[in-house]
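Place chain V on chain B using the hints.
Chains as they are written, first to last, in this note's numbering: chain B, 1 to 248; chain V, 1 to 108.
Watch out, some of these pointers could steer you wrong.
Said to hold, decoys possible - Output of the computed footprint for chain B on chain V, the stretches with three or more beta carbons under 8 angstroms from beta carbons of chain B:
#1 42-49
#2 62-74
#3 92-104
Honestly, the hints are just simulated from the structure, not real lab data.
Using N, Cα and C, we set each Cβ at its ideal position, and we do this for glycine too.
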Amino acid sequence: MSRLAALYPAAWRDRYEAEFLALLQERPPDLGDRLDIVRGAIDERMHPQVPGSPKVPVEAPSIGRWSLVAGWTTLLGSGLFYLGLALWATGPIVVNGGDAYRDGSAALPFIFLAMLGLVVGMVAVVLTIPPSRAANAAAYISSLAALLWGGAPWLWWAGLIAFGGVIVIGGAAWRARAWSAGRFAALVAAIGSAWGLAFLALSGMLAAPDGFQYVVFAIGGLTWLVLGTSLVRPPRIETDASLGARRD
Amino acid sequence: MSQGLTDLGRFAEPSLYILVSLSDGPKHGYAIMTDVETLSGVPLGPGTLYGALARLESRGLIEALEPVDRRRPYRLTALGATTLKAQLDGLAGFAKVGLARLRGEGAR
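Chain B on its own, in the form it takes in the complex (with noise of 0.2 angstroms):
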């Protein structure tokens, strides 16, 4: 249980750990008590409460520095997809009775250490908004959907729900005019064409070249960088007073 008060900052350790770690004690967490646990610590580290704390600042806390170490993992997940999808297109032929295929087995660790930046993309930019029911369920659901897909690929479902939360997070993020239209747009654009894409291939409304998969696995990983770089860049229309409100 120690290591779930941990993950809370120093300062807040210092004046609440002793009693949170009583109060586990009284009522052992379960899984959504755990999963309210890393929220807090992620909200405490994000607006620091603790009062008479000299590390807690008084205005403009460590959103921007936070913002930009997710911003810059995502970003970083972006690499290890397009590097993924490079093993995968370059994989050995392997030829199994009258079928042969290429074995992209060695990019499934990067793909799932991309989905792990997908999903600290998409915790971040909920975190920077205004709460919001819709964005905060589609972070929960879509990250455990994009672990999954992470590390087993062909299950198409996973990967759409995923993308489909990315795409209601997104929404949540331009509704709070926290992003632009043009970079929700820039997102629906990116997993909608991919998916399409795929799905029309899949069902055969579309003659797939050679190499077709490639290539719409390259468009989806456009959504990496439409969600790293809004953490990176400071939101377009943003005000101190809107910042003031969303700091709790």
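Okay, now just chain V, sitting in the frame of chain B:
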């Protein structure tokens, strides 16, 4: 809700429950959790509880007492009591108007 709690974002509702829970006397974290669950029917997670407690404490709406066996009780401050009364008055007025309108619609 008055400005006192609206700026708490997602912690506004749990904070109101916590203030109500403390209105009949000091309680420690676990007692607040169980009381809020009884009051609202909604479980209060530990992360949300301590996020709300920290915000209420930093705004002077509650204060921490000396810990007893690692469990630290909290109590409502005078400002907290005033804020809670304003919140509840606002909600009562809102409920009154809503019910009156509902009755008016039902009579049509």
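Against the structure, the hints come out as follows:
| no. | hint | verdict |
| --- | --- | --- |
| 1 | 42-49 | holds (count 6) |
| 2 | 62-74 | holds (count 5) |
| 3 | 92-104 | violated (count 0) |
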